[in-house]
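Engineer: Construct the complete structure from the given sequences, taking the supplied hints into account.
Each protein sequence line maps, in turn, to chains C and X. In short: position in the first sequence from 1, add 1412, done, that's my numbering. In short: position in the second sequence from 1, add 1412, done, that's my numbering.
Some hints could be false.
Remember, identical chains collapse to one label, so a pair may be satisfied in a single copy or spanning two.
[To be verified] No more than 25 Å apart at the CA atoms, straight line, and that leaves these computed lysine to any residue pairs for SDA-like: (1) K1697 / R1638; (2) K1631 / M1587; (3) K1626 / R1696; (4) K1626 / R1659; (5) K1697 / D1639.
These aren't lab readings, by the way, just hints derived from the structure by calculation.
Okay, here's what each chain looks like letter by letter:
There are 2 protein chains.
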Amino acid sequence: MVGEPLFDRLCLLGIGLIGSSIARVAKQRGDLARTIVAHARSAATLDRVRELGIADVVEPDAAKAVEGADCVIFCVPVGAYAGLMKVVAPHLAPGCIVSDVGSTKGSVVRDLLPLMPPGTHLVPAHPMAGTEHSGPDAGFAELFDGRYTMITPIPGGDPAAVEKIAEFWRRCGSMVETMDPVTHDKVVAIVSHLPHLIAFTICSTADDLAEETKEAVLKFAAGGFRDFTRIAASDPTMWRDVFLNNREALLEMLGRFVEDAHALGRAVRWGQAEYIEDRIQRGRKIRRGLIERHQA
Amino acid sequence: MVGEPLFDRLCLLGIGLIGSSIARVAKQRGDLARTIVAHARSAATLDRVRELGIADVVEPDAAKAVEGADCVIFCVPVGAYAGLMKVVAPHLAPGCIVSDVGSTKGSVVRDLLPLMPPGTHLVPAHPMAGTEHSGPDAGFAELFDGRYTMITPIPGGDPAAVEKIAEFWRRCGSMVETMDPVTHDKVVAIVSHLPHLIAFTICSTADDLAEETKEAVLKFAAGGFRDFTRIAASDPTMWRDVFLNNREALLEMLGRFVEDAHALGRAVRWGQAEYIEDRIQRGRKIRRGLIERHQA
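Structural biologist: Below you can see the structure in the form of structure tokens.
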């Protein structure tokens, strides 16, 4: 037996890894929305969504897609929010809840809030889930199971709208946390954005090596390097936008990291065994912290 | 039916993750050595090896351990080679093959070759296999299955000794490659040592954050960060020694990496979207290279 759907008409703007995973959960459960509308820019993506049968309505026109929806979720790269919002804002239904799944939250408030029509509600959200794959075929209904979704409520916003989005994510299998956008952006800068920036960097450093060494790198990648390349396989447009839209926090963390890398490199140069061991021990301490919290 | 054993008496100096894995393969197969001798410094390790029953002889005295052995393999951190070699060299049997499993090869030639008695043979080797766990309980017989083992033969050394060590590793399940120590140290600097240095660094950067942020990092580590902490959980003494004994190549790769990280950070600061995308695309190219070579 299926419970009362949370929304009547759910519109997903963008239907890649995250959007198509939401569509799949919604189809499977039946209690997220009565009707699922999917919008994407590319005809190929829309065709594929039709083939997959994961949406009830497939709509190439963003303005039409949001019409009559009581919930609209931005699932495009965060750099595309402002442009897309200009198109859809005049067509949002009264009372509509606008949410998103982007990895940066300060930029979302900056780009969406000023364009929200009176009587509509913005509830920024970030499901901390993903894989290195992208596109509508990459999604799966279990993606959000047991993963955190962070909600960054707008000060003075509608608590009922926040609770509906929280319930939405709980039904998707997520554990929901609320925090302010500044804290959010700082935390994801170190747990996610900086690791991705580092992984992209070391892979491109390897790509710049002389041909002979590069061949050997590919052959003997099984060390720590292989794990970095997996992270580095993620969607370029999405990550470009994340970096550009979490600039301050990311550069702050990158600065700290590079200082620490220099200090460790200096200790290696001067043979400071104790310093090196101390830094390695701190890494293990963090790992133990994760294991204790069942996050490892 | 078991084939003719390759060695009569195999002595493992050090019996942690790698040493105990070798002991386990040797016990299981029966065609690596007739007798397995295990030496370790700590009484607790030796007791545990006795309990595990993975060696025929457990010997706390290194000089006695190597007596009569036709193959001695150094399985201690590379920083301990020189000191241990001084102790065992006078006790090596004529014709004995001395090998090792260290992650640096230039330092092994530097530390062991001058002390080799006439008529004994040095064959440095490096099985590119491991986990983040350490100690005799961490080993398992399948550790080397399908993994590369690099041998860096000594110029003018005995080809028969090299072939015996190559066959040893093939019987352990490894694919064997030979190369010179300088190339070896450069390749592992980028595929393994730099990734570990980076992982240790980002974990200690996280450990330095304000208490509140650190708590959030531990809670929401599921992004790319968690993968880095796994790498960073590896044995501190071993990695300290690796860094110090591959100083030149590691600092060269760290220098390149930090330059590239700065360049990417600069592009983020100045909003250079194309540059960022290009660097991300290079990372994906490396990943595709791995997938084509079935190394991903």
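Engineer: Hint by hint, say whether it matches the structure.
Structural biologist: Hints, one by one, checked against the model:
no., hint, result
1, K1697 / R1638, "both (23 Å within a copy, 13 Å between copies)"
2, K1631 / M1587, "between (40 Å within a copy, 11 Å between copies)"
3, K1626 / R1696, "between (30 Å within a copy, 14 Å between copies)"
4, K1626 / R1659, "between (31 Å within a copy, 20 Å between copies)"
5, K1697 / D1639, "both (21 Å within a copy, 15 Å between copies)"
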